[in-house]
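Trainee: From first to last, the protein sequence lines are chains A and B. Following our numbering from start to finish, the first sequence increments by one per residue and tops out at 581. Following our numbering from start to finish, the second sequence increments by one per residue and tops out at 581.
By construction, these hints were calculated from the structure, which means they are not laboratory data. Every residue gets a Cβ at the ideal spot worked out from N, C-alpha and C, and that includes glycine. A portion of the hints provided could be inaccurate.
What the hints assert, rightly or not - Okay, the calculated beta carbon distance ranges per label pair:
{"id": "1", "chain 1": "A", "residue 1": "His382", "chain 2": "B", "residue 2": "Lys395", "range": "13 to 21 Å"}
{"id": "2", "chain 1": "A", "residue 1": "Lys277", "chain 2": "B", "residue 2": "Ser384", "range": "25 to 33 Å"}
{"id": "3", "chain 1": "A", "residue 1": "Pro478", "chain 2": "B", "residue 2": "Lys300", "range": "53 to 61 Å"}
{"id": "4", "chain 1": "A", "residue 1": "Glu411", "chain 2": "B", "residue 2": "Ala345", "range": "25 to 33 Å"}
{"id": "5", "chain 1": "A", "residue 1": "Leu490", "chain 2": "B", "residue 2": "Gly299", "range": "42 to 50 Å"}
{"id": "6", "chain 1": "A", "residue 1": "Glu272", "chain 2": "B", "residue 2": "Ala345", "range": "40 to 48 Å"}
{"id": "7", "chain 1": "B", "residue 1": "Asp319", "chain 2": "A", "residue 2": "Lys300", "range": "37 to 45 Å"}
{"id": "8", "chain 1": "A", "residue 1": "Val351", "chain 2": "B", "residue 2": "His417", "range": "33 to 41 Å"}
{"id": "9", "chain 1": "B", "residue 1": "His417", "chain 2": "A", "residue 2": "Glu272", "range": "39 to 47 Å"}
Number of protein chains: 2
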Amino acid sequence: MHSFEELAVKFENHFNKRHFPSNPSTLYDAAQYILKIGGKRVRPVGVLMGNELFSEIQDDAFHVATAIELFHNFSLIHDDIMDKAPLRRGVETVHTKYGDSTALLAGDVMLVAAYEEINKIHSSKLHDILNLFNKTAKEVCEGQQLDMDFELKDQVHFEEYLQMITLKTSVLLAASMQMGAILGGAGAGNQDHLYEVGKNLGIAFQVQDDYLDAFGNPDKFGKQVGGDILANKKTFLLIHALDVANAQQKKELQHLLKGNDPDKIERVLQIFKDCKVGEWASTLKQQYFNLAMKHLEATAVLHSRKESLEKLAQYLLPRES
Amino acid sequence: MHSFEELAVKFENHFNKRHFPSNPSTLYDAAQYILKIGGKRVRPVGVLMGNELFSEIQDDAFHVATAIELFHNFSLIHDDIMDKAPLRRGVETVHTKYGDSTALLAGDVMLVAAYEEINKIHSSKLHDILNLFNKTAKEVCEGQQLDMDFELKDQVHFEEYLQMITLKTSVLLAASMQMGAILGGAGAGNQDHLYEVGKNLGIAFQVQDDYLDAFGNPDKFGKQVGGDILANKKTFLLIHALDVANAQQKKELQHLLKGNDPDKIERVLQIFKDCKVGEWASTLKQQYFNLAMKHLEATAVLHSRKESLEKLAQYLLPRES
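Please construct the entire structure, taking both the sequences and the accompanying hints into account.
Mentor: Shown next, in the form of structure tokens:
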């Protein structure tokens with residue numbers, strides 16, 4: 261069994277190449293550009309881990325892992341266009357550097373490249389992998405649409421937000437792990453468990469991300485603390501605060517959301533603290549983490565095989581944050 | 261054997277349904293909208309005809325035909341965003357009606373839906389169909405990128421334009437016919453012939469389209485005559501005129517292209533006529549038509565099976581225009 265770090269290196273060695281033809285360079289250089297920006301590669305490693313739970317890591321798992329990473333980057337390019345985001349990981353986004361039209365096409369061609377990787381699978385599993393990949397791809401698009409829809413809504417309920425964020429960010433990790441399991445020959449029950457492991461880890465990670473944006477140590481977190489508050493982003497924290505705040509707190513929150521007071525972050529954070537939103541988020545994160553571990557526990561393979569996945573979960577979701 | 265009209269009706273009966281879930285309606289209504297605008301459905305009928313050349317029409321051919329039509333509509337949605345086109349077939353484009361972001365996502369989800377249709381194939385041909393579909397999808401993106409690149413270039417050579425327009429518009433018809441042949445059990449030689457039939461018909465059709473825009477009868481053509489000239493669009497005609505014009509004609513053409521003289525269309529057309537561009541285009545169209553027919557001739561099936569395809573070719577490319 262390999263650790264997350266080992267698998268990340270293995271994947272990077274496989275992935276770190278030119279994925280596109282040279283011409284037209286105006287199109288393919290733009291597509292290649294985002295792949296060089298890098299990332300944690302959690303999803304492709306999820307494929308490899310799901311695979312290694314049931315077999316030696318197969319060549320097909322590398323193809324699927326590559327497809328997942330290409331798909332993820334397709335969605336980043338298009339999301340950045342929609343969000344008009346100038347930067348990603350501190351460097352120019354594709355559309356900022358190459359223009360909206362080329363970025364749109366680079367995303368399209370990246371999605372097709374993902375399907376090309378899937379079609380490299382030798383096994384009889386092509387149909388099942390495609391099925392899950394297609395379902396997941398549509399869900400990710402649905403999540404992005406719901407996210408945009410929510411920007412126009414005054415009130416978003418917890419269950420709605422949970423559904424949106426699950427589609428937008430968690431189903432891809434879930435599908436990654438399940439695809440690894442499918443290739444490894446797992447039965448339907450084990451496949452479902454792996455899917456739930458990925459999905460619940462993804463949700464827990466998103467709760468943590470929302471929490472850290474408000475309460476994190478800026479040196480460790482690497483982003484501006486309070487960025488979500490400043491941008492009026494709907495998050496687990498804000499939605500819960502609006503749910504539990506008393507009439508006066510709610511009125512103040514809504515007033516703060518409408519304006520741009522210089523002490524906006526500070527005052528919203530104070531309401532969050534008064535409403536014990538941080539404690540609530542820690543508990544929520546732990547609930548989803550536990551749910552993920554319960555499904556890992558229920559997966560019918562030797563416990564020793566599960567250690568890497570447990571460590572990945574602890575690495576992504578340390579207890580102290 | 262069925263005629264084009266019969267197959268178009270058969271396809272429409274199969275295709276005319278809701279292709280997407282109901283929710284989120286903000287996303288899926290936008291995707292469904294463009295499918296209602298309609299079209300000639302030449303490409304999906306190409307799949308069915310390619311299929312019927314070698315077998316009874318199979319269910320799988322309807323799945324592939326649907327995938328091709330969904331892919332075509334995906335490319336229309338995204339092209340219209342890039343071209344900032346307000347109208348298509350006289351009605352609002354998707355991005356005009358639903359906004360750029362939703363149109364972008366609706367295109368994405370349409371492309372995924374195309375792959376879902378392909379994955380409905382029961383046969384052992386899934387790998388080969390996917391292979392050709394992916395290759396073609398990338399080529400269509402390349403064609404669109406080259407088209408955008410050419411807008412910024414002063415001079416485009418005939419061969420470059422031919423390559424761009426082949427990728428942008430002809431390979432999809434070519435692949436449609438070949439996919440039908442693949443499903444029907446055609447060997448590699450016959451598959452190649454069918455691909456060339458579609459490709460050359462596609463090029464001939466594009467030459468005709470460029471010709472009609474300049475010289476067509478506006479009542480029959482249904483578009484504003486001279487629209488390409490007014491928009492400085494690079495076309496077969498303009499590129500050839502710049503190739504063969506004498507120094508004075510060339511100078512005048514370049515002057516006209518830079519400005520917006522009220523008699524621009526008239527004067528450009530006069531140069532086209534003086535350079536015999538119309539006759540050249542008719543000959544060029546006929547050459548590609550003949551090439552398509554040569555490949556159909558060379559396809560190793562009974563001649564009687566080829567009549568529908570011959571009639572389709574004559575219907576798309578009547579001699580008089």
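Trainee: Each hint: holds or not?
Mentor: Results for each hint:
1. A:His382 with B:Lys395: 13 to 21 Å: 19 Å Cβ-Cβ, so the 13 to 21 Å window holds.
2. A:Lys277 with B:Ser384: 25 to 33 Å: Holds - the Cβ-Cβ distance for Lys277 (chain A) and Ser384 (chain B), about 31 Å, lies within 25 to 33 Å.
3. A:Pro478 with B:Lys300: 53 to 61 Å: Hint holds: Cβ distance 59 Å, inside 53 to 61 Å.
4. A:Glu411 with B:Ala345: 25 to 33 Å: holds (26 Å)
5. A:Leu490 with B:Gly299: 42 to 50 Å: Given about 46 Å between the Cβ atoms, the range holds.
6. A:Glu272 with B:Ala345: 40 to 48 Å: holds (41 Å)
7. B:Asp319 with A:Lys300: 37 to 45 Å: holds (43 Å)
8. A:Val351 with B:His417: 33 to 41 Å: Roughly 36 Å apart at Cβ, these two residues keep to the hinted range, so it holds.
9. B:His417 with A:Glu272: 39 to 47 Å: This hint holds: roughly 42 Å between Cβ atoms.
Consistency note: the structure conflicts with none of the earlier hints.
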